[in-house]
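Chains as they are written, first to last, in the working numbering: chain A, 1 to 363; chain B, 1001 to 1523.
Because the hints were derived from the structure by calculation, they are not lab data. Computed from a predicted structure; not experimentally measured. It is possible that part of the hints are untrue.
Only pairs whose alpha carbons sit at most 20 Å apart, straight line, appear in this in silico SDA-like list of lysine to any residue [claimed, not checked]:
(1) A/Lys222 to B/Leu1388
(2) B/Lys1361 to A/Phe161
(3) A/Lys7 to B/Lys1361
(4) A/Lys7 to B/Gly1353
(5) A/Lys222 to B/Met1360
(6) A/Lys7 to B/Met1360
(7) B/Lys1361 to B/Arg1393
The residues making up each chain are set out below.
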Amino acid sequence: MQLVLEKRAERSNIIALVSPLIAIGLTIVTMSILFAILGKNPISALGVYFIDPLTDSYSLQEIAVKAAPLVMIAIGLSLCYLANVWNIGAEGQFLIGAVAGSWLAVETHGTDAGPWVLPAMLLLAAAGGALYALIPAICRVRFGASEILTSLMLVYVADLFLDYLVRGPWRDPAGFNFPTTAEFDPVATMPILIQGGRLHLGAIIALVVVAAAAVLLGRTIKGFEIRVVGAAPRAARFGGFNSNQLVLLTFAISGALAGLAGIIEVAGPVGHLQPGFSPGYGFTAIIVAFLGRLNPVGILIAGLFLALTFIGGEQAQIAMKIPLDVTKVFQGILLFYVLACDSLILYRFRLIFPSRQVHRGTA
Amino acid sequence: MLDPTPTGPHSGGTPLLQTIGLTKRYGDFLANDSIDIEIWPQQIHALLGENGAGKSTLVKTIYGLIQPSDGEMRWQGEKMVLSGPSEARARGIGMVFQHFSLFDNLTVAENVALGLDGKESFKDMSARLEQVSNVYGLPLDPRREVWQLSVGERQRIEIVRALMQNPKFLILDEPTAVLTPQEADQLFVVLQRLKAEGRAILYISHKLEEVKRLCDTATILRGGKKVSTCNPRAETAASLARMMVGADIKEVKAAAGRKTTVPRLVVNDLGMEPDDPHGVKLQHISLELKGGEILGIAGVAGNGQDELFAALSGERQSMDPGTVVIDGQAAGHLSITQRRKLGAAFVPEERLGHGTAPRMKLSENALLTGHAASGMVQRGFINTAATLKTVDRATEAFDVRKAKRDPEAASLSGGNLQKFVVGREILRNPAVLVVNQPTWGVDAGAAAVIRQALLDLAAGGAAILVTSQDLDELIEIADRIAVMFHGRLSEPLATADASREKLGLLMGGSSLAEKETAHAVGA
Chain A
1 MQLVLEKRAE RSNIIALVSP LIAIGLTIVT MSILFAILGK NPISALGVYF
51 IDPLTDSYSL QEIAVKAAPL VMIAIGLSLC YLANVWNIGA EGQFLIGAVA
101 GSWLAVETHG TDAGPWVLPA MLLLAAAGGA LYALIPAICR VRFGASEILT
151 SLMLVYVADL FLDYLVRGPW RDPAGFNFPT TAEFDPVATM PILIQGGRLH
201 LGAIIALVVV AAAAVLLGRT IKGFEIRVVG AAPRAARFGG FNSNQLVLLT
251 FAISGALAGL AGIIEVAGPV GHLQPGFSPG YGFTAIIVAF LGRLNPVGIL
301 IAGLFLALTF IGGEQAQIAM KIPLDVTKVF QGILLFYVLA CDSLILYRFR
351 LIFPSRQVHR GTA
Chain B
1001 MLDPTPTGPH SGGTPLLQTI GLTKRYGDFL ANDSIDIEIW PQQIHALLGE
1051 NGAGKSTLVK TIYGLIQPSD GEMRWQGEKM VLSGPSEARA RGIGMVFQHF
1101 SLFDNLTVAE NVALGLDGKE SFKDMSARLE QVSNVYGLPL DPRREVWQLS
1151 VGERQRIEIV RALMQNPKFL ILDEPTAVLT PQEADQLFVV LQRLKAEGRA
1201 ILYISHKLEE VKRLCDTATI LRGGKKVSTC NPRAETAASL ARMMVGADIK
1251 EVKAAAGRKT TVPRLVVNDL GMEPDDPHGV KLQHISLELK GGEILGIAGV
1301 AGNGQDELFA ALSGERQSMD PGTVVIDGQA AGHLSITQRR KLGAAFVPEE
1351 RLGHGTAPRM KLSENALLTG HAASGMVQRG FINTAATLKT VDRATEAFDV
1401 RKAKRDPEAA SLSGGNLQKF VVGREILRNP AVLVVNQPTW GVDAGAAAVI
1451 RQALLDLAAG GAAILVTSQD LDELIEIADR IAVMFHGRLS EPLATADASR
1501 EKLGLLMGGS SLAEKETAHA VGA
């Protein structure tokens, strides 16, 4: 008996929907084994991870707060990945966006600047993220440099640049030498949606981005262009679509969205610029993009799910003394299973029973 | 040469290879349905059938590449089970594939060494290679790198590689598809010689005249089943074709008294460097094509046809606008979309991946080439109803058979997808149609539909440029035929004056070679 992978005649739409669920199921099984090895009861650990955060309003709001940047970044990345453009540096664009937006907040700090400050910060952040993302895009188009490497390396450049700013020129004079800017003024922070809560305008912006991406991909010729360049580059060229232009465009959009997410995070839950304010959103968003099948609505769901793992991870650390790094392990295993299960969309398993070829081993 | 008459079962002997009820199943699909075939020593046995008839499956089974689902093979009377091609080679079965498996950047000798299982030293092997190639009149320089060689020479490598294993039985899969008529004649001399040495040959081909000339026996497959085994010399090409297709093929009819009008596609001294290092440089290409006219471009594959298509379609643009003129407008510098807006339409050779995005729906593939010039896009938004309507119209006009209204391109059979790709362009009613290999790998029924559609489009006043390696096709539909060789285009000949011999000489580059003084090509 033999187990073989066999190509399907047409891609299976059912599996395309079910594959992320299978991946989540397999991840949970693997995690249970991991918890057992750590000496924790898998059932209660999973309960703390996935059920408890859904039971109180604070955690629910926190999930939305964490999901917003993940979803925005992942939407941008999905446009890149659909076009076969591999932007791995969303984390860097996220940080640069935060820096660009914070510049205005730092400059206007303590002045009586009006309510134009926040919108201007958002615009600056989007522009900063987009410009930063264009560096690897231009290197690829002009010199054929691999955007995977260049965009990834620029993450560390952005990280150190941010570090320099908050330890040097932008350090809060009244901050006891901590590497951080001053707390942003109220006109430079995201408005809160629920009185006394943490949910802010960023969640609404994320939903608008999801809707816009759904229309772009499903209804417009530009969205079609993005999909066809990724799916069949030669056919796209025959269709008259310029793939170099698209590299620049998708990088710029995803950089802008990552930058926007960056300033929303700084001007929202964090309130000031400091090193290490991102728990790796730009990288986690890669998982969100693939778990969501590079589909806007899928990404929204996947973003909420991964936000849940962040919250659950924090709670598990407090309640069960499970190390916070287990959350990253979880996310890594999940990406692994998602990519593995995706092969079932185009292939299927088949058991082959030996027919009447019993007398082998001649010759 | 031996007397070419012996054929069929030799009384009393055992066949070299015999298959009994050989069956290969893929899911519910029977690629080979209980096939019995006998191959005798000293026999050139033709295997005939349309695309998808099961020829490839059968020879791959015999060569050990796929395992049969049922039935058995006997080699010299004994049951044979093959676990892989190396076992087949060990018994004396050799195969020359249609698509060469050669490494461009390695030398001839290195390529041959890679394909042999033997343990002899590289030096001995090279010497033997030269000896075998000389004995059989297949001259090869073992030290040349493959990318410098013509297609015919590349095929020689494959044949010599198979012969170096001294096979009793050699399988050739459409060996003349890539050869000029003269090169094919040289190959036939080699095959006759192999036969005279007592070897058996299984010869897969579509070219019926060739089979009648060369082969002693023919087995015809249709839809995975064996239809008949016959003596091809006792049959006519028409009767063989009828057995292959299962019905008479509709004859293509040109509308009487087609009138040519003004020039609609003009190419002036077009030259272009290739964009990949192994590509062909286009040089001084000029042609003029009037409305109502079909110009055929013949030539062995790899002589610049793909490069010419890219230059005409605008996939590659020229600095000089005047090199390509579409309907009176200088278009050499325009993109493919802008050329489509001028009324040009294009059908590339490769259906999947070039003409269509394989994993996208037909409606999306209608949009691929239709977005520029029809009502499919309004203010950046896609009009899905319009794209679906194109699919429906193409389906109806060209009898595209598919499982549902709007399936993925890759799920259609080759012939049906080609009908869709050609139909998609013809429905736009183009002024100029540039089409590469319109019926390559397409079953005879679909090929007739496509050729008829091209004739009808020309009758409606369009100018059509057809590139094809199938001379019969060009002779059937073209008014004039030009030949491409080493990136240059010959003067077109009126089809009535274009004998196969003349075209064959041009395809081998002979009359052009005299003009070529500065450009010494690959010699």
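For each hint, the structure was consulted:
1. A threshold of 20 Å between alpha carbons decides the hint, and for A/Lys222 with B/Leu1388 the separation of about 19 Å falls inside it, so the pair holds.
2. For the hint pairing B/Lys1361 with A/Phe161, the CA-to-CA distance comes to about 47 Å; that exceeds 20 Å, so the pair is violated.
3. Distance restraint check for A/Lys7 and B/Lys1361: the Cα-Cα separation of roughly 18 Å lies within the 20 Å cut-off, and the hinted pair is therefore satisfied.
4. With a C-alpha separation of about 18 Å, the suggested pairing of A/Lys7 with B/Gly1353 holds against the 20 Å cut-off.
5. In summary, the hint linking A/Lys222 to B/Met1360 is supported, as the alpha carbons are separated by about 16 Å, within the 20 Å threshold.
6. With a CA separation close to 17 Å, the supplied pair A/Lys7 and B/Met1360 stays within the 20 Å bound.
7. Simply put, B/Lys1361 and B/Arg1393 have alpha-carbon atoms about 15 Å apart, close enough for the 20 Å limit, and the pair holds.
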